[in-house]
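Protein chains in written order, with my numbering: chain E, 1 to 586; chain F, 587 to 1172.
Derived by calculation from the structure, the hints in this document are not laboratory data.
A few of these clues could be false.
Below are the DSBU-like pairs computed for lysine-lysine, each with C-alpha atoms no more than 30 Å apart in a straight line [as the list claims (entries may be wrong)]:
#, chain 1, residue 1, chain 2, residue 2
1, F, K1165, F, K775
2, F, K805, E, K42
3, F, K741, E, K14
Far from chain E by the CB rule (all over 12 Å, computed), these chain F residues [said to hold, decoys possible]:
#, residue
4, S647
5, S663
6, A784
7, S787
8, D1117
9, N1164
These stretches of chain F come out as covered by chain E in the derived footprint (C-beta under 8 Å, 3 or more residues) [to be verified]:
#, stretch
10, 727-738
11, 803-810
Every residue gets a Cβ at the ideal spot worked out from N, C-alpha and C, and that includes glycine.
There are 2 protein chains.
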Amino acid sequence: MSQIRNPLTAPMMKKIIKVIEGKEKADLAILHGDIVDVYTGKIIKDHSVAVKGDWIAYINSDISQTIGPDTAVIDASGKILIPGMIDSHTHMVYYSAPWEAIRYLVPGGTTTIITEIMEISYTMGYNGLLQYLEALKDQPIKMFITVPPPISLSKSVYSITPNKSELKKLLRRDDVLGLGESYWQHILKDDKLYADLAQESLRLGKTIEGHTAGAHGSKLESYLAYGVSSCHEPVNADDVLERLRLGCFVMIREGSMRRDLEEISKINKMDIDYHHLAISTDGIDPGELITTGYMETVLQKAIDVGFDPIKAIQMVTLNPARHFRLDSYTGGIGLSKHADIVIIPDLKTIKAEYVISKGEIVARNGKLTAPVKKAPLPDTALNDYINKVSPAQFSIPCQKTGTVSVRVMDQVTDLVTRDAIMPMTARNGELNIDTTRDILKVTLITRQNKIVNAFIRGYKLKTGAVASSNAWENFGVLAVGVSEQDIALAVNHLLSMGGGIVVADGGKILAELPLPIGGLISKLSIEEIVDRLSQINKAAKSIGFPFPDLPKTIAVLTTPAIPFLRLSEDGLYDLKTNKIVDLITG
Amino acid sequence: MSQIRNPLTAPMMKKIIKVIEGKEKADLAILHGDIVDVYTGKIIKDHSVAVKGDWIAYINSDISQTIGPDTAVIDASGKILIPGMIDSHTHMVYYSAPWEAIRYLVPGGTTTIITEIMEISYTMGYNGLLQYLEALKDQPIKMFITVPPPISLSKSVYSITPNKSELKKLLRRDDVLGLGESYWQHILKDDKLYADLAQESLRLGKTIEGHTAGAHGSKLESYLAYGVSSCHEPVNADDVLERLRLGCFVMIREGSMRRDLEEISKINKMDIDYHHLAISTDGIDPGELITTGYMETVLQKAIDVGFDPIKAIQMVTLNPARHFRLDSYTGGIGLSKHADIVIIPDLKTIKAEYVISKGEIVARNGKLTAPVKKAPLPDTALNDYINKVSPAQFSIPCQKTGTVSVRVMDQVTDLVTRDAIMPMTARNGELNIDTTRDILKVTLITRQNKIVNAFIRGYKLKTGAVASSNAWENFGVLAVGVSEQDIALAVNHLLSMGGGIVVADGGKILAELPLPIGGLISKLSIEEIVDRLSQINKAAKSIGFPFPDLPKTIAVLTTPAIPFLRLSEDGLYDLKTNKIVDLITG
């Protein structure tokens, strides 16, 4: 049964009427604020809001009849009330348990999260997903997921991800709002499972979240043909316009993976309707979250780069609520909607003085005032799957003698790889690391203990190795190193922690973050995680790594989400042709 | 299971991709039109649309690869393409069978109808509703209903309307978009069944259509407390604004019951966001339908009274589609949406040259080109319920002698009644008709054969009687006459037709419209119905009736939808106090 989560009940309807009539008193009264009315796009001056239970029970210039001795009262004179903010596309799986992130999300004014959850699907399977969904429940804010369609370059991981009937069962849940993102090239190559899931999501009146990075014209339309209803991948105003015109809802991304708001703000010159536009983070990493904030920072940035403040507020409230069919109870300060309200000093300063979520004051002046729920997370450490490794397993054999042409993954930015065909000399039937030319070994160890070795340049390690179990849509272990010994050391240490991120050098571990929950999530506090990540990046830098964020750069080596050459369980994968390509090309 | 009707299927997704790739050819290609892109609020110049099956399969400036020898081609150069229009609130039960109305709806460009259906509920019960829903299925356009909450002033009719579990079963159907309108005063007085139904509709993610005529401030909010999500009753810009600000979607009414567009067009000075605004007809009577048209006339009027054409188009396409969660497949010209497209000569001339609905050309230059489906309608004539009457049954006894004060229904406009307390003299234990003062008898004969008699003035009949079985939310027989004999004649003739509208005088029937299906719907063609209605109004005028539309004026005598004094099975009903009031007041 497709149904919405926690709808207004008949008894609550009657209670709200009693509050309006003054026969029951409100739990909370917010007095004399200026309400940003996202429904009309205007400000309602000096208005008050009465709250009963989770719900807005009266909105008027005078709500005195609703106030009793036990009513908490907030004087909002001269302040602005905006609806609680919605992150419409995120990844709530950045190393920390969800409640750790929530501690920092809430004080900024985010009251609804719609998260992708593919990472849980790939690491902990169906039961892990169910357990994770339990952890998202009954938090101080609303948490929803989209169902992850399996889209790994490595098909064998589908033995871990939920099967079709489990995915369909997930789609029917009331905390599931649609089908999650799927990389378009991947789907256009193989839609067997996807088309069925897309049909089911549409049938249930739910959304299909897209991922159309770099797609245009007929390719874009071929992908949207699956009924894809949104995309968060446009990088400029023209991309946005092309998608909107085809009927696709667009989320402008501003988060740790990319920041597109400033470039896309050129759309303000186009004088178009913004109602199919939202702003989402696509994930904020823990360091950024605890230092810089979350949706409040994104909204502030939107205003700072020139979006009209009210339109920008609509883009993080009503617009995404409507897209996900949540507007019957959130996304605006309306009667019989959830009391999800943020009080800010003025329209251009997104600094929450109060955050009210589901009727409760959950944060005040940047401090969380509501308890978060801690829940058991799945106990599925990586060493349940992957055996210890030895240096010899990283050999790259070569039958040919003399100089051969080798396809090397070329890390040209912190995210993008291209292929570089480089001459290498086979010795004793193998190809070897060549630090003088920055040709290091990269290895993917799958959860089925398949080891795939290749070469990479651009990591610039002078010594040591790095390893991570946060290898997207594969979530085996990825490692890069200057010697097979260092790689084996890093990987085995990682396995001994049950998963994690490791920097090793000369037989020693320089830095580590244990991620024993599925090889993905830590049991540490978010502050400790941020500290460990900072140690990891410092250590990586100390052995030569040139990019700012090792965990992010290494994570994407295996994903079809980012171009061009990627590592899969079947070898090097060329996203331009969607084919496995040879390591030795001549 | 809550699900959407006819979603895009997996095989169709693949077919659309083949069309985009040119591997399969489109069924229809619309070339070089200027598309009104309701998603961005802009016009896309010189663009073409390929259609496969029901669906839009490619949108581009060049779609030549989709055109094959069997592709129908429309040259739309210099023309405007707008999405098919949606009537978001109507009553598709104005005397004619639905397919008769569809014949005239479609050529103007209406491709989706959301209709109230309370009239069917009151006259034909649950089985009648099911049968009627079958008749709405597989028509050339999309037809949806909202579930009618029982809201009659006469409780006994609830023996005919569906019970709670049947209503809930209806709510789950995919051709049911929400809970239908309910008169606010009525609900605030008695919400027992309503609150449960409202909860169920919200739980299923569906809408609750409201009816807030005259409600303001705390009364309005008390009614919206039930989660009511729309209203079509505002009569001026301030009414609209008050509702929008509370989070209520507003439909501006422009139809046979009222025309509010011109007055509400003052909202154009307020510079507000229009995305929670639609325009609906609330029903168009057959005469108006076949002479003046339907949504195309409404849209034209909106433009003529000063609404921006593109915003007005959004108000009859995307906005209502979004409100009813139909935007995943209609409401805009987008990829993988239904091909519901109207081709008009220019942006300010809403005159359909082609109407395309679900991919098919259903009308051209005002002529229907697709077959409508005729289906059996319920065989529940009124004489199955109501016995023949005799003049003596219309006696109004009075124990008092001499002059007494009598509450008379005072028809002050064609719709509104007030109460007039008038002195009358009892004779032989009864109160009598007094034509010299225009005090006539009005009678309601319920389907339980209860007869309720009262006095009415304002009908100004000099002779004869009028009777109708179209008495809202009661749907027994209403009659008004200058003598008990004439009333009995009119009623008995009406019953002999199985229901209908009758004007009688001096023992003769002057005009009649038989409505044998539930006492509500005719088996005649819509043209014949219009002719009969015109004869009825002419005949009514000939015996003194002063208003233009007898069937409409008499229909509302029993409804709580329109103020102030109404006739119920328990006697005169005062909507101001929501109470039965005495006929003899002193």
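- Query: Hints broken by the structure, by number, lowest first?
  - Reply: As far as the earlier hints go, 4, 6, 7 and 10 are violated by this structure, in ascending order.
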